[in-house]
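S.K.: Could you slot chain E onto chain P? The hints should help.
Protein chains: 2
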Amino acid sequence: MARVTILGAGDMGTALATPLAHNGHDVRLWGTKRDGAIVAALRDGLEHPRLKVNLPAGVHVFPANEAATALRDAEVVVVAVTSDAVRLVLRELAPLLSEPRAVITVAKGFAGGEDGAAIQLLPDTIAEFTDAPVIAVGGPSKANEVARGLPTAVAFGSDDRRALALAVDAFRTPHYRIAPTDDVVGLEIAAAMKNAYAIALGVCDGLERQTGLPHHNLRAALFPQAVSEMGLLAEAMGGRAETAHGLAGAGDLLVTITSGRNRLLGERIGSGEHPRDAASALAGGGTTIEGFAAAGFGHRLYRQAVAKGVLEEASLPLLDGLWRVLHHDADPARVLWDAVDSDAAATPVTAAT
Amino acid sequence: MARVTILGAGDMGTALATPLAHNGHDVRLWGTKRDGAIVAALRDGLEHPRLKVNLPAGVHVFPANEAATALRDAEVVVVAVTSDAVRLVLRELAPLLSEPRAVITVAKGFAGGEDGAAIQLLPDTIAEFTDAPVIAVGGPSKANEVARGLPTAVAFGSDDRRALALAVDAFRTPHYRIAPTDDVVGLEIAAAMKNAYAIALGVCDGLERQTGLPHHNLRAALFPQAVSEMGLLAEAMGGRAETAHGLAGAGDLLVTITSGRNRLLGERIGSGEHPRDAASALAGGGTTIEGFAAAGFGHRLYRQAVAKGVLEEASLPLLDGLWRVLHHDADPARVLWDAVDSDAAATPVTAAT
Numbered sequence: 001m002a003r004v005t006i007l008g009a010g011d012m013g014t015a016l017a018t019p020l021a022h023n024g025h026d027v028r029l030w031g032t033k034r035d036g037a038i039v040a041a042l043r044d045g046l047e048h049p050r051l052k053v054n055l056p057a058g059v060h061v062f063p064a065n066e067a068a069t070a071l072r073d074a075e076v077v078v079v080a081v082t083s084d085a086v087r088l089v090l091r092e093l094a095p096l097l098s099e100p101r102a103v104i105t106v107a108k109g110f111a112g113g114e115d116g117a118a119i120q121l122l123p124d125t126i127a128e129f130t131d132a133p134v135i136a137v138g139g140p141s142k143a144n145e146v147a148r149g150l151p152t153a154v155a156f157g158s159d160d161r162r163a164l165a166l167a168v169d170a171f172r173t174p175h176y177r178i179a180p181t182d183d184v185v186g187l188e189i190a191a192a193m194k195n196a197y198a199i200a201l202g203v204c205d206g207l208e209r210q211t212g213l214p215h216h217n218l219r220a221a222l223f224p225q226a227v228s229e230m231g232l233l234a235e236a237m238g239g240r241a242e243t244a245h246g247l248a249g250a251g252d253l254l255v256t257i258t259s260g261r262n263r264l265l266g267e268r269i270g271s272g273e274h275p276r277d278a279a280s281a282l283a284g285g286g287t288t289i290e291g292f293a294a295a296g297f298g299h300r301l302y303r304q305a306v307a308k309g310v311l312e313e314a315s316l317p318l319l320d321g322l323w324r325v326l327h328h329d330a331d332p333a334r335v336l337w338d339a340v341d342s343d344a345a346a347t348p349v350t351a352a353t
Numbered sequence: 001m002a003r004v005t006i007l008g009a010g011d012m013g014t015a016l017a018t019p020l021a022h023n024g025h026d027v028r029l030w031g032t033k034r035d036g037a038i039v040a041a042l043r044d045g046l047e048h049p050r051l052k053v054n055l056p057a058g059v060h061v062f063p064a065n066e067a068a069t070a071l072r073d074a075e076v077v078v079v080a081v082t083s084d085a086v087r088l089v090l091r092e093l094a095p096l097l098s099e100p101r102a103v104i105t106v107a108k109g110f111a112g113g114e115d116g117a118a119i120q121l122l123p124d125t126i127a128e129f130t131d132a133p134v135i136a137v138g139g140p141s142k143a144n145e146v147a148r149g150l151p152t153a154v155a156f157g158s159d160d161r162r163a164l165a166l167a168v169d170a171f172r173t174p175h176y177r178i179a180p181t182d183d184v185v186g187l188e189i190a191a192a193m194k195n196a197y198a199i200a201l202g203v204c205d206g207l208e209r210q211t212g213l214p215h216h217n218l219r220a221a222l223f224p225q226a227v228s229e230m231g232l233l234a235e236a237m238g239g240r241a242e243t244a245h246g247l248a249g250a251g252d253l254l255v256t257i258t259s260g261r262n263r264l265l266g267e268r269i270g271s272g273e274h275p276r277d278a279a280s281a282l283a284g285g286g287t288t289i290e291g292f293a294a295a296g297f298g299h300r301l302y303r304q305a306v307a308k309g310v311l312e313e314a315s316l317p318l319l320d321g322l323w324r325v326l327h328h329d330a331d332p333a334r335v336l337w338d339a340v341d342s343d344a345a346a347t348p349v350t351a352a353t
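These protein sequences, in sequence, are chains P and E.
Going by my numbering, 242 is the number at position 242 of the first sequence; the sequence numbering is gapless.
Going by my numbering, 336 is the number at position 336 of the second sequence; the sequence numbering is gapless.
This is chain P alone, in the form it adopts within the complex (with noise of 0.2 Å):
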């Protein structure tokens, strides 16, 4: 039995109380400011107000000013604030951290860049605020159902093999599997493009309600296009491609593209509004779209492996028309449909006569 903390009460902080509670821990729930009304609920007994799920029995919640309390003597440390504020949380929540033996973080995505700074990824800039190793998740994994302990497969991932085991058998459950990797890198790329990606395919979802017309044959083409475009982005990292053809990528991309807001952003735009104008009406308060944040940061890591000489000019042609349509006002169906002709023309054999 280990003390675990989850920072953030949200949809996956409050799912994950699941596996832990059923491996016997003492678990502990903090919620952030913004988790406010979720904290009172909860503490009430009744249900998670979105996940409409109670917690499992055993489970302490803690409102967002006593988190000293949460944190004491915590051996493991969930990180399940959104992307943009892990470091806003971190820098207020450090001095509190005892020595964890892991950070776990479901955040994914990429941190800093606004002000020209290098591009980071989430592990890394938790990393500025601890010694302690850090683990990254990814994988398909709907907080609804893993707060139901409906069967959900994910990946850890991290090169401190010590903490990795830690974390691993803190949350593996019958219901909770985890593949083990050590590829930190291509996790996180796979688990923040995906959000990106998932606006390119529901692109085509927009596209079959302004038409009236199904392009459920483009949306198939775009997916393994997606999925190549995320394996040469982590190796072009560091990482590897065959994480994003597993359960990070491919995995994860399939349920991102049955629901939730990059899919519906993906729409909105497929359907004729301005990009602009559909991401900052689904970016209710306050909170940006993860995979619009993802599009950006992910092509400057294109351009830059690009320059670099690491990656093709035109190799990722699906980030780079996405890229195009959210920033520069290129037309959806053509740069989509661009994407897979590239793939075609990427295929190794070519037909001679």
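Quick caveat, the hints were computed from the structure, so don't treat them as lab data.
All figures in this text were calculated on a predicted structure; none of them were measured in a lab.
Take these hints with a grain of salt, some might be off.
As the list claims (entries may be wrong) - Quick look at which bits of chain P chain E covers, simulated, 3 or more residues with Cβ under 8 Å:
| id | segment |
| --- | --- |
| 1 | 143-152 |
| 2 | 213-226 |
Said to hold, decoys possible - Sample of chain E residues with no beta-carbon within 12 Å of chain P, all distances over it, derived:
| id | residue |
| --- | --- |
| 3 | Lys33 |
| 4 | Arg50 |
| 5 | Val59 |
| 6 | Glu66 |
| 7 | Gln120 |
| 8 | Pro174 |
| 9 | Arg209 |
| 10 | Leu222 |
| 11 | Thr256 |
| 12 | Ile257 |
| 13 | Ala281 |
| 14 | Gly296 |
| 15 | Ala305 |
| 16 | Arg324 |
| 17 | Ala330 |
Each residue gets a CB set at the ideal place from its N, CA and C atoms; glycine is no exception.
M.R.: The following block gives chain E in isolation, referenced to the frame of chain P:
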């Protein structure tokens, strides 16, 4: 301009008249005896009864008893009958074939095996009846979208580069793109097996119907497992795994789990129906469910490959589990979940303390 004869006036045969007519070919569409009502409707200038589209202008339609006229001097022949009818139809028509420069097959799957003979890929079956080079087709390609000229990207495969180039040239339009490949085996394995794996993923939809709880995480975890297994089986047969990760594998699997009888068979099994009852209820008009047959053939190939030492024991747990569900009353939910477990175990890095 070429003389092109399409054998089979079903959905896909008829749909392919669209790119061919766009390219100005002399297109003849021949219907089998089972296509009688379709041929009658098309000859009366009516819509195709299932596709709900009119034929492009200039396409000639021939009933079953006018095969000789339909095939006279055909330079390109398209085999678009159901996979279990290929042998029957070609046995009858072989004497009528002049010497086509290419035979394209959109029928996919396996043949033979019932009598203990070796399992064949369909291009090999076709090659028994003609000396013409055979081109295999894979990729996400809903016929109703192809017929309407909506964007569709497919893969054409042959080891005859000349015939492949001719076929690509005949079919490629601004809305129908073609990636040529010499990996016929990989293409055919993926094209056939995606129907089997679509049953497995469809089971998750059935579990949702039965329990009232979504099983999106499980379904998404099975997707990369299915693609990976198609790649392993392709390799075992002498093809390339990367083909399974492209349009013909991952791409086609994505549309196949969206709709169609294979997915539906899975859904009924997941809902608690006995596989045999579900399969026979769906097998209207005497046609078998393609994925049901493919699971059987694929499983035999798998066992043969293990016996030969080309594949490791337990390397295709999802296919093996599906086969046990279909033929040996295995519990579908348990089988699928166990297949995900193996995926986790197969991940290269194992956690150690």
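S.K.: The structure should be examined with respect to each hint, and the outcome stated for every one.
M.R.: Cross-check of the supplied hints:
Closer than 8 Å: that is the beta-carbon criterion, and the segment 143-152 of chain P has 7 residues meeting it against chain E, so the requirement of 3 holds. Closer than 8 Å: that is the beta-carbon criterion, and the segment 213-226 of chain P has 11 residues meeting it against chain E, so the requirement of 3 holds. The Cβ of lysine 33 of chain E lies farther than 12 Å from every Cβ of chain P, with a closest approach of about 30 Å, so its non-interface assignment holds. Here arginine 50 of chain E stays apart from chain P, with its beta-carbon at least about 15 Å from theirs, past the 12 Å limit.
The non-interface label for valine 59 of chain E is consistent with chain P: the shortest C-beta to C-beta separation is roughly 21 Å, beyond 12 Å. Glutamate 66 of chain E, annotated as away from the interface, keeps every beta carbon of chain P farther than 12 Å; the closest lies near 32 Å. Every C-beta of chain P lies more than 12 Å from that of glutamine 120 of chain E, the closest at about 23 Å, which supports listing it as non-interface. Annotated as non-interface, proline 174 of chain E brings its C-beta within 12 Å of a C-beta of chain P; the closest such distance is 9 Å.
No Cβ of chain P comes within 12 Å of the Cβ of arginine 209 of chain E; the nearest lies about 14 Å off, and the non-interface call holds. With a minimum CB-CB distance of about 8 Å to chain P, leucine 222 of chain E fails to clear the 12 Å threshold, and the non-interface call is violated. For threonine 256 of chain E, the non-interface assignment is contradicted: its Cβ lies about 9 Å from the closest Cβ of chain P, within the 12 Å cut-off. Its closest Cβ contact with chain P, about 9 Å, brings isoleucine 257 of chain E to no more than 12 Å, contrary to its assignment away from the interface.
No Cβ of chain P comes within 12 Å of the Cβ of alanine 281 of chain E; the nearest lies about 25 Å off, and the non-interface call holds. No beta-carbon of chain P comes within 12 Å of the beta-carbon of glycine 296 of chain E; the shortest separation is about 26 Å. The Cβ of alanine 305 of chain E sits about 21 Å from the closest Cβ of chain P, beyond the 12 Å cut-off, so the non-interface label holds. Listed as a non-interface residue, arginine 324 of chain E keeps its Cβ farther than 12 Å from every Cβ of chain P; the least gap is roughly 18 Å.
Separation of alanine 330 of chain E from chain P is adequate, the least Cβ-Cβ distance of about 16 Å exceeding the 12 Å criterion.
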